[in-house]
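Visitor: Given only the sequences and the hints, what does the whole structure look like? Please build it.
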Amino acid sequence: SSNEHKLNFKKSKEACLSYIQDALLQKQWKRAAEFLTCYVESLEKDYSREHIGPSEMIWRIGTEILWHHSQSSMKEFNCFMEQMKTLGVKRYLKVCLEHVFHLLCNGQIDEAYQNLSLAESWRFGEQTAIQDKEMKLIQAYRGLLDYCSWSKQKNILLEHGEDGFADLAVEQEMHGYFRKAAVNLKEIIKIPGVWDIFVKCYVDLLEFYGDHNEAHQVLNEYAYNSKFPANPNAHVYLYQFLKRQGESKKSLISALKILHDIVPSHELMIDFNTMLQKSSK
Amino acid sequence: RDFNERCAQCSEVNWGLTDGGRFYCRSCHNVTERTREVVNTDFITNSRVQTISKALKKQEKTDGDCEWYICEGFQLILKKQVEALEALGVCPQMKDEILCNFWRCYLQKSKQAYCKRPAGETVKALSVCESSTDVDSDPERPSLLHLLSLSESEGDLQTDCSFASSVSKVSESTSVYSGSVDGSLYLMKNQKEKLRMTMPMTLSFCYMALLWVREPITLSELLRFVVEGHIPYLNVFQHFPEKMKLCGLDLKIFCVESWPVYEEVFNKMHELAAFLDLPRFPDITESCFLHPDMLCMKYLMEANLPDELHNWTCRVVKKIGIGEVDFLTLMPGNKSTRKVKYDVLAAAVIVVVLKLLFLLDDHYEWLLSEFAEERNKNNTEGGPYFEFKKWYEVVKHSLDVEQKKLDEERAKYLWRCEKPLFYSVKNKSKVLKRRQMVVNLQNQFGKLSGSVQRAKKPNPSSFQLSWSEENTDGSCFHGHSLKGILQEKRGLLTAMNPDYWLCTVKLCNEKLCGHLAHYREVEFPQSYHFVLGLFSFLLRIQPSYIHDEVCMIEHKLFNKKLCKKLKYNTVLRK
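Respectively, the protein sequence lines represent chains F and L. For what it's worth, the working numbering labels the leading residue of the first sequence as 1, then goes sequentially. For what it's worth, the working numbering labels the leading residue of the second sequence as 1, then goes sequentially.
Any given hint could turn out to be false.
Taking lysine-lysine and the DSSO-like style, the derived pairs with C-alpha atoms no more than 27 Å apart in a straight line are [to be verified]:
(1) L:LYS447 - F:LYS27
(2) F:LYS45 - L:LYS426
(3) L:LYS428 - F:LYS45
(4) F:LYS75 - L:LYS447
(5) F:LYS30 - L:LYS405
(6) F:LYS27 - L:LYS412
(7) L:LYS433 - F:LYS10
(8) F:LYS30 - L:LYS447
(9) L:LYS426 - L:LYS243
(10) F:LYS27 - L:LYS405
(11) F:LYS30 - L:LYS404
(12) L:LYS377 - L:LYS389
(13) L:LYS396 - F:LYS11
(14) L:LYS412 - L:LYS430
(15) F:LYS10 - L:LYS404
(16) F:LYS11 - L:LYS419
(17) F:LYS45 - L:LYS430
(18) F:LYS90 - L:LYS433
(19) F:LYS227 - F:LYS200
(20) F:LYS11 - L:LYS430
(21) L:LYS447 - F:LYS11
(22) F:LYS94 - L:LYS433
(23) L:LYS245 - F:LYS45
(24) F:LYS90 - L:LYS426
(25) L:LYS447 - L:LYS412
(26) L:LYS412 - F:LYS11
Label-pair restraints from in silico Cβ distances [to be verified]:
(27) L:ASN440 - F:PHE101: 22 to 28 Å
(28) F:GLU111 - L:GLU228: 46 to 52 Å
(29) L:LEU486 - F:GLU14: 46 to 52 Å
Hint data in this document are derived by calculation from the structure and do not stem from the laboratory. Cβ atoms here follow ideal geometry from the backbone N, Cα and C, with glycine treated the same way.
Guide: Written out as structure tokens, the structure reads:
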């Protein structure tokens with residue numbers, strides 16, 4: 001029983017973590033950094049039996065501190081993330097993804113794209129297969145950024161079109177982006193999940209290039225496939241698409257049926273009501 | 001000192017010991033091949049000197065390493081520790097005469113040196129290249145994993161397993177289990193018989209020497225100095241000379257990652273004293289620092305309690321006979337007497353005195369305090385009466401502040417040292433990479449910590465809380481009077497408080513359940529908890545230890561009454 005209060009490495013670090021936690025919750029970044037400095041030596045000890053090891057802790061805590069601390073720069077942040085990538089191979093893609101998110105939040109689209117491409121080319125034995133989901137996400141986000149580029153090119157083209165210019169180079173680039181984006185977006189929306197933004201972008205692409213059948217099919221899948229989680233937005237997208245396509249009132253009504261069930265207070269219910277009243281039902 | 005031969009070079013007799021244990025002439029620095037030899041001392045009789053020189057001879061391997069034994073490592077550690085104690089003001093004889101002799105005696109008794117090696121026991125380190133087809137000469141040869149688990153230090157399973165597997169793949173015939181020659185053998189030895197040396201035991205040695213010399217350092221103070229870094233303990237192996245390579249199983253022995261516990265060091269010290277067949281220690285008399293009267297005075301001051309209480313502690317001490325020389329002086333090997341924890345005992349005496357005078361039942365002490373407050377308001381002549389309430393507020397505030405500081409320090413403690421440690425050559429590069437990453441991260445986040453730099457090691461001080469009479473805010477209670485709570489009866493000053501509650505009616509059998517009483521399982525008054533908590537902080541031990549001593553004292557004090565079976569209150573239950 002005398003060992004209960006024995007102060008040892010493990011207990012000391014547990015206490016350290018709780019101080020970090022308090023500091024983070026109170027947004028005391030300096031204090032959090034102070035305690036994190038003392039915590040990092042946990043990396044030299046093995047925690048394989050624990051659920052969350054020190055490398056993950058340090059990654060998550062360090063990210064928070066560096067993101068919010070007034071004296072921290074983006075350069076430091078990036079440097080830190082690169083270090084974290086080397087720390088845990090099982091987490092590599094996850095860290096890459098989060099890094100990309102932060103870059104996007106900071107408006108660094110190009111850097112984000114570079115990181116995504118780099119991550120996509122990563123191979124590490126059986127880990128590649130194990131981290132397959134993260135890889136798909138990385139590809140999806142790259143597809144998303146490709147879509148953004150496509151969109152930019154499209155707008156340039158439209159402007160030039162108004163001025164009477166026909167810019168072949170821009171057009172070629174645009175088509176290139178479309179191909180790259182379409183491939184990746186198509187892949188991710190096959191997996192059951194909530195992919196609103198990916199679906200929207202993909203449908204936009206398909207509509208632009210005139211592939212309405214495919215677009216319809218994609219939206220149907222997204223809304224009606226029972227493997228996908230219930231998602232009101234799926235039905236909204238489908239409805240909006242059908243409306244754009246000028247479909248019959250009957251199809252429009254049937255598209256909103258499930259939305260009516262899951263979100264009775266949705267603003268589209270006004271339209272739904274109106275259409276129902278106009279029809280004989 | 002004891003070596004009396006003339007130096008071959010300069011004919012002087014002025015010897016010192018090198019780190020490796022060889023004699024060197026202090027006049028001309030001639031190093032001999034002779035190692036520490038024992039001449040007559042009080043404790044070592046008729047020992048045949050075994051020249052360890054054969055084994056200690058520094059065989060220069062290709063990379064400049066030398067062969068070294070585990071006990072050499074501990075010897076170095078002890079040396080460093082006692083030097084630190086010297087720097088703290090301990091008398092120099094402790095190093096050269098006392099501790100040195102204790103250590104030599106230990107080496108002899110545990111048959112690690114200064115004796116004829118028992119027949120059959122060879123210092124053959126476990127070699128690695130035993131393939132499965134070899135017939136083992138020793139069918140009980142333990143596996144490496146078994147050895148790793150024997151050590152007391154906390155290891156990580158992953159490292160242990162990876163070490164074990166990496167070692168088995170090496171095909172050299174030299175031992176790679178440890179940097180030392182006998183690392184594996186050391187862990188294998190039967191602990192019970194020979195009192196195997198451990199890191200906490202180094203402190204037991206120190207404490208034993210301190211007690212012998214009757215230095216004014218209690219065990220709790222010693223341990224506090226260790227934690228505060230004034231005495232090397234954690235990572236002291238990084239000061240081993242370069243040639244003594246530390247790896248593998250050595251780490252299990254020398255790298256500890258926890259602070260030693262009072263009980264552990266205390267008990268080991270007594271075991272050690274008995275093991276070494278030491279005679280009765282020098283007497284602890286009334287003028288000794290370790291005598292309860294002296295320690296009580298110190299603790300009363302530190303606890304900001306009135307000096308007048310000292311009369312009471314002395315009375316209690318006298319009444320139950322714990323001030324007697326025979327009670328206080330250590331007699332090794334005597335199993336019948338209870339071992340004395342001087343610091344805990346003194347603290348417990350104060351607690352008992354407080355209970356006698358203030359009852360500490362969460363009512364009476366506040367009542368008394370109110371009376372004192374009234375009196376102090378109306379009558380400012382003749383010095384203030386002690387008010388329990390004010391004292392509580394002042395001390396609690398300081399205690400909370402210090403406790404908070406201490407908790408933060410504990411959370412910020414850095415355990416690893418700069419010297420990278422690896423179990424085997426195989427994971428050396430991995431370890432070094434990790435270390436580099438840790439250093440980088442420390443730099444990065446250290447800069448973001450703001451102006452808060454790591455506080456320097458506080459100067460070692462005997463008092464953790466100090467109160468000055470010069471403070472005009474009245475936060476020092478040393479000079480306050482107890483008049484309000486005392487009365488005169490038949491010429492004697494007694495407490496106005498007529499009652500007393502016992503912490504426990506019956507004492508447990510310490511040998512069976514480890515404690516005399518069980519602090520956690522009963523609800524005691526908050527004031528009692530507070531007072532225990534105060535001394536628990538000062539001594540850096542669990543309150544239950546102080547509680548045990550309190551129970552012991554109470555039972556001695558009220559012995560007669562207990563025998564007659566008390567009529568009134570025993571333990572308060574809410």
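Visitor: Flag every earlier hint the structure violates by its number, smallest first.
Guide: none
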